[in-house]
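Work the whole structure out from these sequences, hints included.
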Amino acid sequence: MASPYSDGEREKVASKLPPTLRQALKTRAAQLGIDMQVAVTEGVEQWLAREAGQEAVVDTAGSDSFNTWLPAGLYDTFKAECTERDISFAQGMAQAVRTWVDSHPAPLSDLTIPRQTRRFIVCNQKGGVGKTTVAAGLAQTIALGLPATTGASKLPALPGLRTLLVDYDPQGHLTEQLGCKQIAPGTESLVTHMVERERVVGALMDHVVPIAPDFFDDRLFLLPSSFEAFLLDSKLGGVRGPREALLQRALAPLEEHFDVIVIDAPPNLGLAMDAGIYYAHRRKNEPAGNSGVVIPVEAEDSSAHAYMMLEGQINTVSLDYEVDINRLGLVVNKYDVRKGYVVAKALEEWQGLQDPPVLSILPDLKEQREAVHVKQPLLQYAPASTQAQRMREIRRRLG
243 MASPYSDGER EKVASKLPPT LRQALKTRAA QLGIDMQVAV TEGVEQWLAR
293 EAGQEAVVDT AGSDSFNTWL PAGLYDTFKA ECTERDISFA QGMAQAVRTW
343 VDSHPAPLSD LTIPRQTRRF IVCNQKGGVG KTTVAAGLAQ TIALGLPATT
393 GASKLPALPG LRTLLVDYDP QGHLTEQLGC KQIAPGTESL VTHMVERERV
443 VGALMDHVVP IAPDFFDDRL FLLPSSFEAF LLDSKLGGVR GPREALLQRA
493 LAPLEEHFDV IVIDAPPNLG LAMDAGIYYA HRRKNEPAGN SGVVIPVEAE
543 DSSAHAYMML EGQINTVSLD YEVDINRLGL VVNKYDVRKG YVVAKALEEW
593 QGLQDPPVLS ILPDLKEQRE AVHVKQPLLQ YAPASTQAQR MREIRRRLG
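In my numbering, the protein residues as written are 243 to 641.
Calculated directly from the structure, the hints in this document are not laboratory data.
Be aware that one or more of the hints could be misleading.
Said to hold, decoys possible - Below, in silico cross-link-like pairs of lysine-lysine (DSS-like), each with a Cα-Cα straight-line distance of 30 Å or less: (1) Lys423 x Lys477; (2) Lys368 x Lys608; (3) Lys477 x Lys368; (4) Lys268 x Lys321; (5) Lys321 x Lys258; (6) Lys581 x Lys608; (7) Lys587 x Lys368; (8) Lys423 x Lys254; (9) Lys258 x Lys268; (10) Lys617 x Lys581; (11) Lys423 x Lys368; (12) Lys254 x Lys268; (13) Lys268 x Lys526; (14) Lys254 x Lys321; (15) Lys258 x Lys526; (16) Lys423 x Lys258; (17) Lys608 x Lys423; (18) Lys477 x Lys258; (19) Lys617 x Lys423; (20) Lys608 x Lys587; (21) Lys368 x Lys617; (22) Lys581 x Lys368.
Said to hold, decoys possible - Ranges between beta-carbon positions, derived for each pair: (23) Asp301 x Pro427: 29 to 39 Å; (24) Gln631 x Pro599: 11 to 21 Å; (25) Gln288 x Leu607: 52 to 62 Å; (26) Val443 x Ala399: 37 to 47 Å; (27) Leu397 x Ser330: 44 to 54 Å; (28) Gln631 x Ala291: 53 to 63 Å.
In this text, all values refer to a predicted model and were calculated from it rather than measured experimentally.
Heads up, the beta-carbon is just placed ideally off N, CA and C, and yes, glycines get one too.
Structure (structure tokens):
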């Protein structure tokens with residue numbers, strides 16, 4: 243029977259879902275190749291068609307924010323029926339989603355296993371090494387995609403992917419450089435969703451902003467930094483129970499909207515960095531190298547010392563929480579051969595590590611500084627520059 247509701251016009255619906263049910267919905271929709279909005283719509287219509295009392299009560303303890311879009315008119319009908327059945331809207335939504343999942347069994351084909359959202363955290367405890375530059379450039383190249391190459395290499399094209407940049411640094415350089423505003427104090431932010439869930443009313447997705455949507459074909463987005471992020475380490479210190487997964491839990495609702503999440507990390511070794519490193523760990527059934535840590539460095543001795551400190555923190559997180567964390571590679575930033583022997587020797591030592599490999603060498607040129615000055619993404623401001631080409635090289639090497 244055709245739906246009485248128009249598919250052309252939809253209205254946003256804010257509710258909550260238990261994390262396990264959200265994951266079941268995401269997985270089943272991906273396995274069947276069905277858009278999640280369509281799946282939820284079908285579930286609501288199935289639920290409405292059943293008599294009251296036919297659906298089992300769903301345990302909604304620990305539910306997180308869940309946003310979707312329903313055809314115009316269906317939302318009001320659904321809310322009214324929840325009231326008629328004397329249940330909360332969140333309980334009605336949970337029952338509708340459970341109804342859809344239960345009525346759509348997983349296919350037998352192994353080829354329909356859903357993909358994992360790729361997660362890159364760009365980090366180094368030393369400030370000024372180019373974390374923001376590398377994070378922004380990597381995200382831009384992922385969003386744009388790469389053409390196939392000709393000649394001897396004949397590398398395949400890489401499609402543009404929906405990419406989210408997360409400004410996890412309280413200094414907010416990434417947010418400022420892209421011409422956006424930090425989230426104001428007292429407003430819900432990533433920090434709120436990590437450590438102050440009792441204050442959460444809306445969805446974190448509501449704070450995500452598009453970056454140059456015409457240039458990036460609506461595939462590049464930013465979650466801005468917040469002023470409250472300066473207090474994140476102290477707030478994490480006051481959390482009772484496990485802290486390492488708080489960033490993962492906060493960003494989980496966003497993963498269904500994006501193919502790739504790139505995090506610009508703060509320049510320290512605190513608890514917030516522990517959570518950031520943990521977020522990049524290799525998840526169950528995730529291919530090696532799909533997600534992990536990208537480390538910007540400079541060709542100088544102090545950068546080598548900072549790298550060793552970061553390496554120690556990565557090892558500690560990996561051992562303490564029994565997870566695998568892939569070191570995807572180094573990016574040697576602001577390289578200037580005119581600085582002489584010390585710089586050349588330092589580069590040689592970075593390249594000699596081999597594991598992790600040097601993904602690319604970014605020369606110290608003016609285009610990146612100019613792009614920052616005019617608050618434009620580098621690949622939009624100077625797409626043919628050497629620095630832009632090196633960003634594409636990083637993307638290509640990460641696969």
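Hinted pair Lys268 and Lys321, Cα distance within 30 Å | holds (23 Å)
When you check the alpha-carbon spacing of Lys254 and Lys268, does it fall within 30 Å?
-> Judged against 30 Å, a Cα distance of about 18 Å means the pair holds.
Beta-carbon spacing of Val443 to Ala399 - inside the hinted bounds 37 to 47 Å or not = holds (43 Å)
For the pair supplied as a hint, Lys477 and Lys258, is the alpha-carbon distance within the 30 Å limit?
-> holds (25 Å)
If you check the beta carbons of Gln631 and Pro599, does the distance land in 11 to 21 Å?
-> Holds, at about 18 Å.
Regarding Gln288 and Leu607, is the given constraint of 52 to 62 Å on their beta-carbon distance met?
-> holds (58 Å)
Mind checking the alpha carbons of Lys587 and Lys368 for me, to see if they're no more than 30 Å apart?
-> holds (20 Å)
Going straight from one Cα to the other, do Lys423 and Lys368 come out at no more than 30 Å?
-> Measuring from Cα to Cα gives roughly 25 Å; hence the hint holds.
Is the straight-line distance between the alpha-carbon of Lys617 and that of Lys423 30 Å or less?
-> Measuring from Cα to Cα gives roughly 12 Å; hence the hint holds.
Given the hint that Lys368 pairs with Lys617, does the C-alpha gap stay at or below 30 Å?
-> Given pair Lys368, Lys617 holds - Cα atoms ~24 Å apart, limit 30 Å.
Quickly compare the C-alpha distance for Lys258 and Lys268 to 30 Å and report which way the hint goes.
-> Measuring from Cα to Cα gives roughly 14 Å; hence the hint holds.
Quickly compare the C-alpha distance for Lys608 and Lys423 to 30 Å and report which way the hint goes.
-> holds (25 Å)
The structure shown violates none of the earlier numbered hints.
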